[in-house]
Amino acid sequence: MRSQTTGWLLLAPTLIILLVFGLGPFIYVLVVGFTNWNSFAADPSAHFAGVQNFRRLVFDDPFLHALWLTFGFTFFAVLSEIALGYLLAQLLMRDIPFQGFFRTIHTLPLMVAPIAVGATWRLLTVPGLGPLPYYLDRWLGIDLRIGSFANQAFAATVIMDVWHWTPLVTLTLLAAISSLPKEPFEQAQIDGANRFQVFWYVTLPLLKPAILATVFIRVMDALRTVDEVWMLTGGGPAAATRYVGLHIWRVVFPKTDYGYGAAMSLLTLYVTIVLCWLMYVALVARRELPRSE
Amino acid sequence: MMRRSPFKPSGGWLSLAFWIVASLITLFPIYWMFVVSAKSRVELFGAPNFIIRSFFVENYTATLTNPTFQRYMINSIIISTSNALLVTTLALLATYALSRYRLVGKENIFFWTITNRMAPPAVFLLPLFLLITQTFAIGSFSLYDTRIGLVLLYCVFNLPFAIWTLRGIIDAIPKELDEAAMVDGCNTWQVLTGVILPLAKPGLAVTAILTWVFAWNEYLFAATLTSVNARTITTGLAEFVTVTGTNWGQMAATASLTLVPALVFLGLVQQHIVAGLTFGAVKE
Numbered sequence: 588m589r590s591q592t593t594g595w596l597l598l599a600p601t602l603i604i605l606l607v608f609g610l611g612p613f614i615y616v617l618v619v620g621f622t623n624w625n626s627f628a629a630d631p632s633a634h635f636a637g638v639q640n641f642r643r644l645v646f647d648d649p650f651l652h653a654l655w656l657t658f659g660f661t662f663f664a665v666l667s668e669i670a671l672g673y674l675l676a677q678l679l680m681r682d683i684p685f686q687g688f689f690r691t692i693h694t695l696p697l698m699v700a701p702i703a704v705g706a707t708w709r710l711l712t713v714p715g716l717g718p719l720p721y722y723l724d725r726w727l728g729i730d731l732r733i734g735s736f737a738n739q740a741f742a743a744t745v746i747m748d749v750w751h752w753t754p755l756v757t758l759t760l761l762a763a764i765s766s767l768p769k770e771p772f773e774q775a776q777i778d779g780a781n782r783f784q785v786f787w788y789v790t791l792p793l794l795k796p797a798i799l800a801t802v803f804i805r806v807m808d809a810l811r812t813v814d815e816v817w818m819l820t821g822g823g824p825a826a827a828t829r830y831v832g833l834h835i836w837r838v839v840f841p842k843t844d845y846g847y848g849a850a851m852s853l854l855t856l857y858v859t860i861v862l863c864w865l866m867y868v869a870l871v872a873r874r875e876l877p878r879s880e
Numbered sequence: 015m016m017r018r019s020p021f022k023p024s025g026g027w028l029s030l031a032f033w034i035v036a037s038l039i040t041l042f043p044i045y046w047m048f049v050v051s052a053k054s055r056v057e058l059f060g061a062p063n064f065i066i067r068s069f070f071v072e073n074y075t076a077t078l079t080n081p082t083f084q085r086y087m088i089n090s091i092i093i094s095t096s097n098a099l100l101v102t103t104l105a106l107l108a109t110y111a112l113s114r115y116r117l118v119g120k121e122n123i124f125f126w127t128i129t130n131r132m133a134p135p136a137v138f139l140l141p142l143f144l145l146i147t148q149t150f151a152i153g154s155f156s157l158y159d160t161r162i163g164l165v166l167l168y169c170v171f172n173l174p175f176a177i178w179t180l181r182g183i184i185d186a187i188p189k190e191l192d193e194a195a196m197v198d199g200c201n202t203w204q205v206l207t208g209v210i211l212p213l214a215k216p217g218l219a220v221t222a223i224l225t226w227v228f229a230w231n232e233y234l235f236a237a238t239l240t241s242v243n244a245r246t247i248t249t250g251l252a253e254f255v256t257v258t259g260t261n262w263g264q265m266a267a268t269a270s271l272t273l274v275p276a277l278v279f280l281g282l283v284q285q286h287i288v289a290g291l292t293f294g295a296v297k298e
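Quick note, the sequences are listed as chains Z and R, same order. Its first residue numbered 588, the first sequence is counted upward by one per residue in the working numbering. Its first residue numbered 15, the second sequence is counted upward by one per residue in the working numbering.
No wet-lab data here; the hints were simulated from the structure. Virtual Cβ for every residue (Gly too), placed ideally from N, Cα, C. Among these hints, one or two may not hold up.
[Unchecked claim] So these bits of chain Z aren't anywhere near chain R, every CB distance computed over 12 Å: (1) H634; (2) F635; (3) A636; (4) F641; (5) V645; (6) F783; (7) P792; (8) L793.
[Claimed, not checked] Each pair of labels, with its calculated beta carbon distance range: (9) R/F69 to Z/L651: 41 to 51 Å; (10) R/N201 to Z/R642: 53 to 63 Å; (11) R/D159 to Z/Y788: 51 to 61 Å.
Chain Z with its partners taken away, still in its complex shape (with noise of 0.2 Å):
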């Protein structure tokens, strides 16, 4: 009744948008990654370069530079969106009025556009404009220009993105601790654990597997931050927040050296991958050592 023809031709478009937007650029930059095409050079064709472009990327200071300030920027991040995210999520478990709107108002800055993130926390961050530039002078004497100071550009991207998302990961972890069975609870308190005992030994390991797919989500989505980023520091002051997507995008990307631009796009996914493999690595593998009884 059912036939594989029909099954494969609904699944036909989906496939080949996929396969031709989503599959192609990935083969395109892996084949063009080991080229050296530069579309202004002398020799504007592509000829194969082998790893030349690799090892032009080792060197390449910048770059580097780039990609462990984006290595900074999502572990601060990530850390306090968990931190924060979590007590949020406990904190809104007790009875208290209004959850409802709350979660509504939680949600508002998931919605909201990367790009007018980036536009509202310039708003506030503007010298002789934003309110933080002048409370923070009148209250505390913090002289805060995020366009001079490269320590304060690059708390205030963190700050932004821990505004942006830690509503995910409160709304992602509410969603897995209302779900925890009341059993090893109840039996913990029988036991006589106290708070801490019962967090460490119980909640915990129950919500490990919640908590390891947040911080998955949220590692990658901070790995490839760009258009908030670029909205309210432009990358500045000189490089001090420009992350390893706005490298390729903003300095890579115009000089037309494909050959070059590819590679560093390559070493970025892979550094992206491995990251993420050595993360589950880590943290899967202390999961698997034995729990005192």
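Starting from the known structure of chain Z, arrange chain R on it as the hints suggest.
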């Protein structure tokens, strides 16, 4: 499930206070943007003032009557709507095939689709740019700077999302229903439109809305793969920073306009957005 016991003041007050503060922090940047959008240049001078006394409409009218911005906005509406319709339709067909047919490697295909959404877009800008301007160009026609180009490109991240959202919904429709319809002599198309479509309507609506919002919000592809004709509202907003510089009131007004769809759809889809953003890993 959430516990619904009587109000507990001990831990409750502190939690409530914490959540009120968190909500204020969440709302504050958006509120401030709205405040800036309602003020003239002169009013914005000096100490920050959070109260809107008179609404300075010129910020909005300047954007709305600007022919360039009108074009950007119309482009955004056309691209998002076409993309949402295309993605929802194709995803419905694909999900139905994955759910009901015994296809070789269908679970692998299902998982492969999501990798398209996980990849960093910046990495694929260069190959996409080259593919679109050179490889897929037929004579002088290419997908570069066309609406149809962006509609197709947005499928790369929206199709996997839609398939993953719809999978559970289609799987939940009992197979017996469409088998009964087939026994009655309906063909595949009639089953899809007569049985599946009415039952999956709410899920399809949510999918369409969220893909619409994701397409509306996209910036990087639009900024790189268009130049004049197919520019969208997000690229217009970004141009404020790079080109005009300091007309903050008008920039805030444009950003507020960009925000309107999110605010309109918020209530409708807030239950589903988390499942969508976590690739269906979390169901509320």
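Against the structure, the hints come out as follows:
{"no.": "1", "hint": "H634", "result": "holds (16 Å)"}
{"no.": "2", "hint": "F635", "result": "holds (17 Å)"}
{"no.": "3", "hint": "A636", "result": "holds (16 Å)"}
{"no.": "4", "hint": "F641", "result": "holds (15 Å)"}
{"no.": "5", "hint": "V645", "result": "holds (18 Å)"}
{"no.": "6", "hint": "F783", "result": "holds (16 Å)"}
{"no.": "7", "hint": "P792", "result": "holds (18 Å)"}
{"no.": "8", "hint": "L793", "result": "holds (15 Å)"}
{"no.": "9", "hint": "R/F69 to Z/L651: 41 to 51 Å", "result": "holds (50 Å)"}
{"no.": "10", "hint": "R/N201 to Z/R642: 53 to 63 Å", "result": "holds (59 Å)"}
{"no.": "11", "hint": "R/D159 to Z/Y788: 51 to 61 Å", "result": "holds (59 Å)"}
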